[in-house]
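Q: Protein chains in written order, with this note's numbering: chain Y, 199 to 468; chain W, 199 to 468; chain U, 199 to 468; chain V, 199 to 468; chain P, 199 to 468; chain S, 199 to 468.
Hints in this document: simulated from the structure, not taken from any laboratory. Watch out, some of these pointers could steer you wrong.
Copies of one chain are not kept apart here, so a pair can be met inside one copy or by any two copies together.
16 Å max Cα-Cα, derived EDC-like pairs, lysine to aspartate or glutamate [said to hold, decoys possible]:
1. Lys461 with Glu399
2. Lys461 with Asp344
3. Lys212 with Glu407
4. Lys203 with Asp222
5. Lys461 with Glu421
6. Lys286 with Glu247
7. Lys212 with Glu243
8. Lys286 with Glu208
9. Lys286 with Asp201
10. Lys286 with Glu436
11. Lys203 with Glu237
12. Lys203 with Asp428
13. Lys212 with Asp201
14. Lys223 with Glu380
15. Lys258 with Glu285
16. Lys212 with Asp432
17. Lys212 with Glu247
18. Lys223 with Glu399
19. Lys203 with Asp230
20. Lys223 with Asp335
21. Lys258 with Asp393
22. Lys286 with Asp433
For clarity, every value in this text was computed on a predicted model and none was experimentally measured.
6 protein chains.
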Amino acid sequence: MSDYKAFRVELADKIAHVAINRPDKINAMNADFWPEIIEIFNWIEATDEVRAVVISGVGKHFSSGIDLMMLAQAGNQQGRDVGRNAEKLRRMILTLQASFNAVDNCRKPVLAAVHGYCLGGAIDLISACDMRYAAADAQFSIKEIDMGMAADVGTLQRLPRIIGDGQMREMAYTGRMVGAEEAREMGLVNRVYADHAALLEGVMQLAREIAAKSPVAVRGTKEMIRYMRDHRVDDGLEYIATWNAAMLQSEDLRIAMAAHMSKQKPEFAD
Amino acid sequence: MSDYKAFRVELADKIAHVAINRPDKINAMNADFWPEIIEIFNWIEATDEVRAVVISGVGKHFSSGIDLMMLAQAGNQQGRDVGRNAEKLRRMILTLQASFNAVDNCRKPVLAAVHGYCLGGAIDLISACDMRYAAADAQFSIKEIDMGMAADVGTLQRLPRIIGDGQMREMAYTGRMVGAEEAREMGLVNRVYADHAALLEGVMQLAREIAAKSPVAVRGTKEMIRYMRDHRVDDGLEYIATWNAAMLQSEDLRIAMAAHMSKQKPEFAD
Amino acid sequence: MSDYKAFRVELADKIAHVAINRPDKINAMNADFWPEIIEIFNWIEATDEVRAVVISGVGKHFSSGIDLMMLAQAGNQQGRDVGRNAEKLRRMILTLQASFNAVDNCRKPVLAAVHGYCLGGAIDLISACDMRYAAADAQFSIKEIDMGMAADVGTLQRLPRIIGDGQMREMAYTGRMVGAEEAREMGLVNRVYADHAALLEGVMQLAREIAAKSPVAVRGTKEMIRYMRDHRVDDGLEYIATWNAAMLQSEDLRIAMAAHMSKQKPEFAD
Amino acid sequence: MSDYKAFRVELADKIAHVAINRPDKINAMNADFWPEIIEIFNWIEATDEVRAVVISGVGKHFSSGIDLMMLAQAGNQQGRDVGRNAEKLRRMILTLQASFNAVDNCRKPVLAAVHGYCLGGAIDLISACDMRYAAADAQFSIKEIDMGMAADVGTLQRLPRIIGDGQMREMAYTGRMVGAEEAREMGLVNRVYADHAALLEGVMQLAREIAAKSPVAVRGTKEMIRYMRDHRVDDGLEYIATWNAAMLQSEDLRIAMAAHMSKQKPEFAD
Amino acid sequence: MSDYKAFRVELADKIAHVAINRPDKINAMNADFWPEIIEIFNWIEATDEVRAVVISGVGKHFSSGIDLMMLAQAGNQQGRDVGRNAEKLRRMILTLQASFNAVDNCRKPVLAAVHGYCLGGAIDLISACDMRYAAADAQFSIKEIDMGMAADVGTLQRLPRIIGDGQMREMAYTGRMVGAEEAREMGLVNRVYADHAALLEGVMQLAREIAAKSPVAVRGTKEMIRYMRDHRVDDGLEYIATWNAAMLQSEDLRIAMAAHMSKQKPEFAD
Amino acid sequence: MSDYKAFRVELADKIAHVAINRPDKINAMNADFWPEIIEIFNWIEATDEVRAVVISGVGKHFSSGIDLMMLAQAGNQQGRDVGRNAEKLRRMILTLQASFNAVDNCRKPVLAAVHGYCLGGAIDLISACDMRYAAADAQFSIKEIDMGMAADVGTLQRLPRIIGDGQMREMAYTGRMVGAEEAREMGLVNRVYADHAALLEGVMQLAREIAAKSPVAVRGTKEMIRYMRDHRVDDGLEYIATWNAAMLQSEDLRIAMAAHMSKQKPEFAD
């Protein structure tokens, strides 16, 4: 684990805790943030010991989204030719998207623990996580509409698969603040905790539970759910058959079965 | 705005209010209804001033769905050859579908305000809207099953993207009446208002809020959500990057940013 | 109706009641179960009299899922070459999937009535049904994770279309038990009944209601909803137009219309 | 048949002959051309007597493509805001595309008879036809690249389904002229005729042959081939089964069978 | 190998030779033909020894397609209700399609050896094969158009993936006879042999060559090509990675490598 | 341009010439090759001056494909657990694929100039290029089948979009050598040159021609053709409309138009 400017990363109990660490800037996503999150998830992918990931925010809020300074600078770099500007902007957007794709593509479950503000780009980020949990004070808003733009790093692409269409559109067109309890009703978060401390404890507990399962089984399960987001049921059935053709030959099944018979807790290799 | 036989259309505060206007016939969708709604939405598309649309029903109900007279006439026009009848019916269905496709394809958000009966074809219609809101007396039923047919102008195609699969099937197989509150729990409507007046006031207020946002941003947002209904996440990310390559060069971003800095309400061109 | 080892099948009031019938084994899905369910659904497809299907479990539970004996035996049949083992496993999985595909592809609505345990393979089964109903004592768990494997006979493929993404993942990664009421909130079941008797009565009543509708209309409706699970809205609109090109020429429309006019209950041919 | 400014349209032997009729302008596609071709194909769709369509060019050439005047004017209508310009351009392109979509969507086979120049927009047009035939003097070029733009009314979308990928790219990147014989080798045209007269005679003869077949069978066949351009084999099999469920009940089968038995030429209704 | 009424099946040199065996009826596909071909391919799937399949016709022709008697009978079974007839026809078509799906889904390469007539249903059959080879006297025609119907057991679905779009449509709309050499130019057959004997010898030789390769590699290769017919390139890349994750652990790689090093012919297990 | 171990890279006339440079090893793709090609294409993407790319082989051959040493080593790194091995292999394959994805995704046209052997992995490579050209001595073989494996870095995924299905399968199942002229007939290469020198001169000339066109237009054209490989025609039409909404505002159109009017050669910015 190297040092990061925008994050604090810890590994314990087979869980990587990735905390956005710019509390005095409401954890706004600045120029350091975007490449660092890729670096962190490359490390997570490569580190067998990590079996689950928790993302949270240091300080009073999860994150206020993209740093407006950074956005303004991007605007200033435009040249005279609209076509060439468009090409440049297109590639810049694809580059920013890649940061949250790294979260989405992570083979290990990623849990977002949200308290305080979760605005704009922060919604794009948590939409790329597996599950979301909130403290009672959490507030969610698709803030991009108030910046005069359509959200382009994942919210409009991934959130419609997570919450209902009607609420999705209202949030996206109006940018209105949604509280923790309403977010839970919508399916945006799975559970609401009393405060930040209870949230972190609860989410860590859940992460530990997942980390105790067979990593082969967990990663296969995640791959399948990810696959189904964009594929047909018949394709999904064929894909899992091909996937499990190899994975059912893993010794994790034997270990799980033996533990089940002997009523003991199974121990799986990383 | 020309005169319509089946509708009353008003434009105020940048909002087009499209009211089905056959109250003595429970706003049944007759032969005038289908081509007129296309005409109306063509006008909405072409009129820059319109930034949001509200659809409601004049009188005691939203609408009882397709006019049975019209359906019966269609039945009577059949010839002797089953194959040629099938071709004719197929084209007639495609023509009726085109009326609600015009609603679905509208670049501007469309809000349905539903009170009283919302039956059969009326469900097809509101399924093509962005968001749905109800008065407490609203009643919803996929009535086509009781006409001996599978719904074919949009309900079975669009509603499964809006409400859960289990409830969708129960409603479609049984045609049972669903009240406003249950509709809200299902995600069919976003909110329930005490009565018709409160409903219209609430929905108009929401429409005005949307109309105050950057039209470029709102239309881009709608396009993306529409796109995601039928496309993969990776395709959606690439599409928004291509879309925003042009749209981030709009001055609306600068206006929004300036307003944000100066804590003032931004004013966007149509 | 022939005799089955793993099921008890009854036909009454145009409803096929398919009950898993190994109560002393918590209705575990053994080697008899998988081919028999295909046989049963072939019979249902071929029997015009059957208009709706109810699946339940005999005894104290719905089902504990796949029989572990059967799973263990499959493991023992593996040879020395990993590649050839993989081919064999792949085909075995595809064969098991075929059993629940038979449920999913059934042209007639299938209602699951769940009480007690509904674990592992039992979730795969009810995910292939049209609708699910529960007794208050029902308990649901995606148990496969505790067997060291990713679920591969339908849960991971079909359930994401039924419940929200966030809850889906939590259930799949942790295997935690979910009660009837929480299952209802998630959209996993449509309704909760006080006990097993009330459940069966309620579900049978619903099935009878569906059986009273036009079978042509019900089957067309089911085909469309099935189609929309994996197709685009525009494809769905074209498909229903082609479908109804034939089906609107059925006499069921005339019968339904006449019954509607005369306020009588329509009688449809099988 | 009304009068057209850019076309000459004739109906004889159940074949609509649509000739581009601006010979002094090398049949360049001007402002009249685009809406008129929609009008013409609406008439073709609505006229049962028409069973096949031939498109050709009056004078020495098929067509030099889009009128540059028209293109230049479009450029001049741009305003100050890049975003709003983009929206306007997007809708203008979609409008132009609609003209060739009308050709592509025509339920009746459309044969292009090409002689002399077939440049730019003319390739977009013939790509939307069912089959293409050439006189020996025909010359094909994807000319858009020399206008500084990517072709946007159909060539890049439809031609890759017609000719091989490697040749497609070379033609599109270089805009090089391709002669009739090379076009035939590529699969761009089906056959080369000695000169314009032989071409028209040959294509008309082929069209008459098609017009003598069952119109129900021809239209079903076209629908299926169109469908397969963008759908999976399994979807195509299901679609034809649903389509033929109605169409095999047509009397054309009986007529065809009877003619086959009696070795006589069948006569089908329009 | 049981006895078949419509086929003669032989197994030698690891190749199953499936010959249509109704020479006095030009190998017309009668009521025996359709279920027997499924039976035969089930046996091929289950028999490890079979590594490649050759389909040919006994007598002077490959096959004249579906038996007209059988078609006429199907027509006679229709009832009074158009909707219920449609359902019955739809299922009958799906049943016939299943026969050629069995060929298409076969994990082992299937080579068609065509001489004489190859008409109507025979084109549907060879479109489901991997490769097609012809004797110089072979004649191909999409004959269904002359029966007043659109081909519905595979030609219109699979052939567009095999030959060019322009020629496909001409053949399908006109039903014209295409000779062996033209068929080769189109890509319909891979090679033309002087006569029936040379054809069979050539195709058997090719089949033996394939049978000498690693069966794991051949089946994986076929699966991938089959997959790519209907999937995206990125999906295909992911699928082969998942597939080969198991298959690269097969000993066939080691055997192939060793043979390569020692310049000897490798021997692979079935 | 940094130094590469497996390549020699030159930039002249706005064309990047990428030559595989291990002539004494028949340009086998070793461990250096795979990451270096990504590096090179990153540089090509980032270097505006590069407008087209040519790939060739130094020495007597284009390339013999993947280095067998490298393959053997991969085999040796396998552990004891089949499941974990599978995961490792899957990721390794995805990593190798990424190297040729970099070629495929390059926004600038890539021309392959092939002489001598082009075997196994070399086919995977040229399948990711835009166009292929051959010297008369070129020989092509999908060699993977003789290594006991299904090709997994692109051949089976991309080649079916380039050559006909029948020939594709024969080549893939038999691994047979295909000469330059046959490759041209198949559409595998666009043109055959007399020898290596003529080949390089011809391909460079073609690349210069492409480099003289508007880079905005060329890149848009490539993006569209790439897009159409995996998308529907209607999606493609919408995508180009969105793309050109920005790109038609480029000054390249004005420059091209002016050059066209004045009959001069246009000069476009990079």
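Q: Now tell me, hint by hint, if it's right for this structure.
A: Hints, one by one, checked against the model:
1. Lys461 with Glu399: neither (27 Å within a copy, 38 Å between copies)
2. Lys461 with Asp344: Only across copies: Lys461 and Asp344 sit 12 Å apart there, 56 Å inside one copy, limit 16 Å.
3. Lys212 with Glu407: Classified as within; 11 Å inside a copy, 47 Å across copies.
4. Lys203 with Asp222: within (13 Å within a copy, 48 Å between copies)
5. Lys461 with Glu421: neither (29 Å within a copy, 42 Å between copies)
6. Lys286 with Glu247: between (39 Å within a copy, 15 Å between copies)
7. Lys212 with Glu243: within (13 Å within a copy, 39 Å between copies)
8. Lys286 with Glu208: Neither way: Lys286 and Glu208 sit 36 Å apart in one copy and 25 Å across, limit 16 Å.
9. Lys286 with Asp201: neither (30 Å within a copy, 28 Å between copies)
10. Lys286 with Glu436: The answer is between: 14 Å across copies meets 16 Å, while 40 Å in one copy does not.
11. Lys203 with Glu237: within (12 Å within a copy, 27 Å between copies)
12. Lys203 with Asp428: Neither: 35 Å inside a chain and 39 Å across chains, both beyond 16 Å.
13. Lys212 with Asp201: For Lys212 and Asp201, the Cα distance exceeds 16 Å both inside one copy (19 Å) and across copies (41 Å).
14. Lys223 with Glu380: neither (26 Å within a copy, 39 Å between copies)
15. Lys258 with Glu285: neither (38 Å within a copy, 40 Å between copies)
16. Lys212 with Asp432: neither (35 Å within a copy, 30 Å between copies)
17. Lys212 with Glu247: within (6 Å within a copy, 48 Å between copies)
18. Lys223 with Glu399: Answer is neither; intra-copy 25 Å and inter-copy 39 Å both fail.
19. Lys203 with Asp230: Close inside one copy (7 Å), not across copies (33 Å); limit 16 Å.
20. Lys223 with Asp335: For Lys223 and Asp335, neither the intra-copy (18 Å) nor the inter-copy (48 Å) Cα distance is at most 16 Å.
21. Lys258 with Asp393: within (11 Å within a copy, 41 Å between copies)
22. Lys286 with Asp433: neither (36 Å within a copy, 19 Å between copies)
Going through the hint list in order, the structure does not satisfy hints 1, 5, 8, 9, 12, 13, 14, 15, 16, 18, 20, 22.
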